[in-house]
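Chemist: For reference, the chains in residue letters:
2 protein chains.
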Amino acid sequence: MVTVDLNKLPNAEKIEKESRFLRAARREPVDAVPVWLMRQAGRYMAEYRELRKTYDILDIIKTPELAREVTMQPINAFDLDAAIIFADILPPLEGMGLQLEFVKGEGPVIHNPVRTASDVEKLVVPPAEEALWFTLDAIKLTREALDEREVPLIGFSGAPFTLASYAVEGGSSKNKVNLKSMMYSDKDAWHKLMSKLAQIAGDYLLAQAKAGAQCLQLFDSWVGELNPVDYRQYVQPYSKQALDIAKDAGVPLIHFGTNTNGMLTDIRDAGGDVIGVDWRIEIDKATEILGDNVAVQGNLDPVALHAPWNELEVRAKDVLDRMNGRDGFIFNLGHGILPTTPVENVKKLVDFVHEYSSK
Amino acid sequence: MVTVDLNKLPNAEKIEKESRFLRAARREPVDAVPVWLMRQAGRYMAEYRELRKTYDILDIIKTPELAREVTMQPINAFDLDAAIIFADILPPLEGMGLQLEFVKGEGPVIHNPVRTASDVEKLVVPPAEEALWFTLDAIKLTREALDEREVPLIGFSGAPFTLASYAVEGGSSKNKVNLKSMMYSDKDAWHKLMSKLAQIAGDYLLAQAKAGAQCLQLFDSWVGELNPVDYRQYVQPYSKQALDIAKDAGVPLIHFGTNTNGMLTDIRDAGGDVIGVDWRIEIDKATEILGDNVAVQGNLDPVALHAPWNELEVRAKDVLDRMNGRDGFIFNLGHGILPTTPVENVKKLVDFVHEYSSK
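As given, the protein sequences belong to chains A and B, one line each in that order.
Each residue of the first sequence is one higher than the last, beginning at 1 in the working numbering.
Each residue of the second sequence is one higher than the last, beginning at 1001 in the working numbering.
Treat the hints loosely; a few may be bogus.
Listed below are several chain B residues computed to face chain A (Cβ distance under 8 Å; list not exhaustive) [claimed, not checked]:
# : residue
1 : 1006
2 : 1010
3 : 1013
4 : 1110
5 : 1232
6 : 1303
Simulated crosslink set (PhoX-like; lysine-lysine; CA at most 25 Å straight-line) [as the list claims (entries may be wrong)]:
#  : chain 1 : residue 1 : chain 2 : residue 2
7  : A       : 285       : B       : 1317
8  : B       : 1104      : B       : 1187
9  : A       : 187       : B       : 1187
10 : A       : 53        : A       : 17
11 : A       : 174       : B       : 1104
12 : A       : 53        : A       : 8
13 : B       : 1174      : A       : 174
14 : A       : 104       : A       : 62
15 : A       : 317       : B       : 1187
For each label pair, taking beta carbons as the anchor points, the in silico distance ranges come out as [as the list claims (entries may be wrong)]:
#  : chain 1 : residue 1 : chain 2 : residue 2 : range
16 : A       : 7         : B       : 1109      : 42 to 48 Å
17 : B       : 1149      : A       : 288       : 46 to 52 Å
18 : A       : 284       : B       : 1347      : 19 to 25 Å
19 : B       : 1339      : A       : 102       : 44 to 50 Å
20 : A       : 102       : B       : 1232      : 17 to 23 Å
21 : A       : 53        : B       : 1347      : 52 to 58 Å
22 : B       : 1321      : A       : 53        : 40 to 46 Å
23 : B       : 1356      : A       : 321       : 43 to 49 Å
24 : B       : 1094      : A       : 291       : 31 to 37 Å
25 : B       : 1232      : A       : 76        : 35 to 41 Å
26 : A       : 121       : B       : 1311      : 46 to 52 Å
27 : B       : 1289      : A       : 192       : 33 to 39 Å
28 : B       : 1232      : A       : 94        : 29 to 35 Å
In short, the hints are calculated from the structure, not lab data.
We treat Cβ as the ideally placed atom computed from N, Cα and C, and that holds for glycine.
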């Protein structure tokens, strides 16, 4: 158990008040557009690949000192406006009784997927402090490390639907037939499962804020596989439940999904101070649909980071021009950064966002 | 070379005038909403699986009598309002010089993918009559078989971007890094490639109409991976070129994509009398965005066919209610039917669409 007195961190109040990232999330004016990148700590960085020679993903996530080290790698390398704790959306499922493994070349596998009402019944809902103490400790340690850099820290959780997708499918899945079949044919099991996952996600987010996270992001990466009518009936209440629990923390909440451009208002209505937008829509158009009461985050195509700088610049500029000086905008990718991304483009992009938007 | 005198088919004129499907595509009033299903001939049908014990996919596609047999399987089993010629979007790439193989469990593989300007240079653009004679012959034979059933036949082609995706990536690809990298970094090669593919797709569509197809669909299945700005600059002109060539046939054109809900007007502006809509948006909302000058096709979630009938019915009814009696609507799925689909649900769905909408 790590003990860090967050109240004694010298820059805590200053960060809270002055961080571009937190200000933008609250729709306050900023001197330059803040930028961070989903999965900014990861395989595209040599420092991370080096560490992975010794440790596997779960080792790093479950060892607070290692999680802090990896979280800091992109902060040390680039002028990012926020750090995000190095973790994964799946460990909360382990605490519920599911056997998780990251299989090389295949991705995450759940060895005992949830398929029946009785499987749902068996899932336990432990407090985050018990099941996910390692990430909470990692947050405390990282807050300490970030304080002198005056960079705020983001905590996160998978959203109930995205967690359910892994829990029921047993891994990544293109069409999500098992998942949707449970939703269609066993409503009782579905609602119990989603209710448990909402509790897990909300509690985990809240615990991360208590541990020191200054902003929280709910990742609903796969929600865009639903039609909006099913979303509103079977999913939105649970995303709302998770976000409502997290709201008690009093920190800004980011609500992120992909392939959601036909249901942006439904995503917004589930909650969140900031809505994540993917690259499949012009960000000004998405902002118009979302309205004035939320901030937006996005929306560069992650693949654009593979372009020669002049082409990447054109695309970054396009995003910035579309949001031209609007308060409540956080520059990010539309989804996680890819392992094949050239590091030098990340550096140039981060600097460009600041320079261009502070003119 | 099959010789069928299409002008002598007794019901040709009647179909042209009275087919619900063709009428809806032209935004004329219909007695009931027409329905067909993308990939309606395929693995979910026992008849198809039986044939596949003896023949592989390319055998069937390249043997006009077998392609006709498979095309007719769903027409024999269900009360569908249109047939679609059994083919695949990839054989046109073979004619251009690419080595195509369907690898079991992996899907299509191109053994010599297009990666450089010199690879693009080498691609040939043969006339469809020479490179794709088998599908044109299959169309003639199938038109004969369909005439007495009074069912019209759809021909199709992959759109330039979707063809380019396979040609450059060498198979299915999640992030399309190679494809987009060519677009970003070698514009000259990109435009030459897309120009060749537009010519191939347009010419192929036109040839299918000449062979007897009474409607043509351009499949841009992967176009939704682009941001709209890149789409307009690098892709839309070529989709438009292909559709413009096909327009000479004088038959209705369907323009289909998925994950396009942030760029529906851009898809529409490339051309097509009917725009395909996936399930990630309410179809009335998509219709409103698309405006009054096009028909729409869609948009049931293909996974919904795995639901118990009462739940499937709710979702089919929702789509029909949203389009409540509007002319210019073709009921379909939002993407291809899945191999795991229960056949009895397909039968019930097709009948339900007719019964419910003719009330």
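Chemist: Compare the structure with each hint and give your call.
Modeler: Each hint tested on the structure:
Among the interface hints, the one on residue 1006 (chain B) is violated; its C-beta lies about 38 Å from the nearest C-beta in chain A, farther than the 8 Å criterion. The criterion of a C-beta within 8 Å of any C-beta in chain A is not met by residue 1010 (chain B), whose closest approach is roughly 42 Å, and the hint is violated. For residue 1013 (chain B), the interface hint is violated, since its Cβ never comes within 8 Å of a Cβ in chain A; the closest pair sits about 39 Å apart. With a least beta-carbon distance of about 20 Å to chain A, the hint placing residue 1110 (chain B) at the interface is violated under the 8 Å criterion.
With a cut of 8 Å, the hint placing residue 1232 (chain B) at the interface with chain A is violated, because the nearest CB-to-CB distance is about 10 Å. Given hint, residue 1303 (chain B) at the interface with chain A, holds; its Cβ is 5 Å from that chain's nearest Cβ, closer than 8 Å. About 31 Å separates the Cα atoms of residue 285 (chain A) and residue 1317 (chain B), which puts this hinted pair outside 25 Å; it is violated. This hinted pair does not check out: residue 1104 (chain B) and residue 1187 (chain B) have alpha carbons roughly 35 Å apart, beyond 25 Å.
Proposed proximity of residue 187 (chain A) and residue 1187 (chain B) is contradicted: the alpha carbons are some 51 Å apart, above 25 Å. Of the supplied pair hints, the one linking residue 53 (chain A) and residue 17 (chain A) is violated, its CA atoms being roughly 39 Å apart against a limit of 25 Å. Of the supplied pair hints, the one linking residue 174 (chain A) and residue 1104 (chain B) holds, its CA atoms being roughly 18 Å apart against a limit of 25 Å. Of the supplied pair hints, the one linking residue 53 (chain A) and residue 8 (chain A) is violated, its CA atoms being roughly 36 Å apart against a limit of 25 Å.
Pair hint residue 1174 (chain B) plus residue 174 (chain A) holds up; C-alpha atoms about 10 Å apart against a cutoff of 25 Å. Restraint check: the Cα-Cα separation between residue 104 (chain A) and residue 62 (chain A) comes to about 18 Å, which is no more than 25 Å; the hinted pair holds. This hinted pair checks out: residue 317 (chain A) and residue 1187 (chain B) have alpha carbons roughly 19 Å apart, not beyond 25 Å. Between residue 7 (chain A) and residue 1109 (chain B) the beta carbons are some 59 Å apart, a value that contradicts the proposed interval 42 to 48 Å.
With their beta carbons about 48 Å apart, residue 1149 (chain B) and residue 288 (chain A) fall inside the hinted range of 46 to 52 Å. The hinted window of 19 to 25 Å between residue 284 (chain A) and residue 1347 (chain B) is violated, with their beta carbons roughly 46 Å apart. Taking the beta carbon of each, residue 1339 (chain B) and residue 102 (chain A) are about 28 Å apart, not inside 44 to 50 Å as hinted. Checking the proposed 17 to 23 Å range against residue 102 (chain A) and residue 1232 (chain B) shows it is violated: the Cβ atoms sit about 39 Å from each other.
For the pair residue 53 (chain A) and residue 1347 (chain B), the beta carbons lie near 56 Å from each other, so the given range of 52 to 58 Å is met. For the hinted restraint 40 to 46 Å between residue 1321 (chain B) and residue 53 (chain A), the CB-CB distance of approximately 58 Å leaves it violated. About 48 Å separates the C-beta atoms of residue 1356 (chain B) and residue 321 (chain A), a value consistent with the hinted range of 43 to 49 Å. Taken as a hint, the range 31 to 37 Å is violated for the pair residue 1094 (chain B) and residue 291 (chain A), whose Cβ atoms sit roughly 50 Å apart.
For residue 1232 (chain B) and residue 76 (chain A), the hinted distance range of 35 to 41 Å is satisfied, since their beta carbons lie about 39 Å from each other. The hinted window of 46 to 52 Å between residue 121 (chain A) and residue 1311 (chain B) is violated, with their beta carbons roughly 22 Å apart. Range check, residue 1289 (chain B) to residue 192 (chain A): about 37 Å between beta-carbon atoms, so the 33 to 39 Å window is met. Range check, residue 1232 (chain B) to residue 94 (chain A): about 45 Å between beta-carbon atoms, so the 29 to 35 Å window is missed.
Taken one by one, the earlier hints fail for this structure at numbers 1, 2, 3, 4, 5, 7, 8, 9, 10, 12, 16, 18, 19, 20, 22, 24, 26, 28, listed in ascending order.
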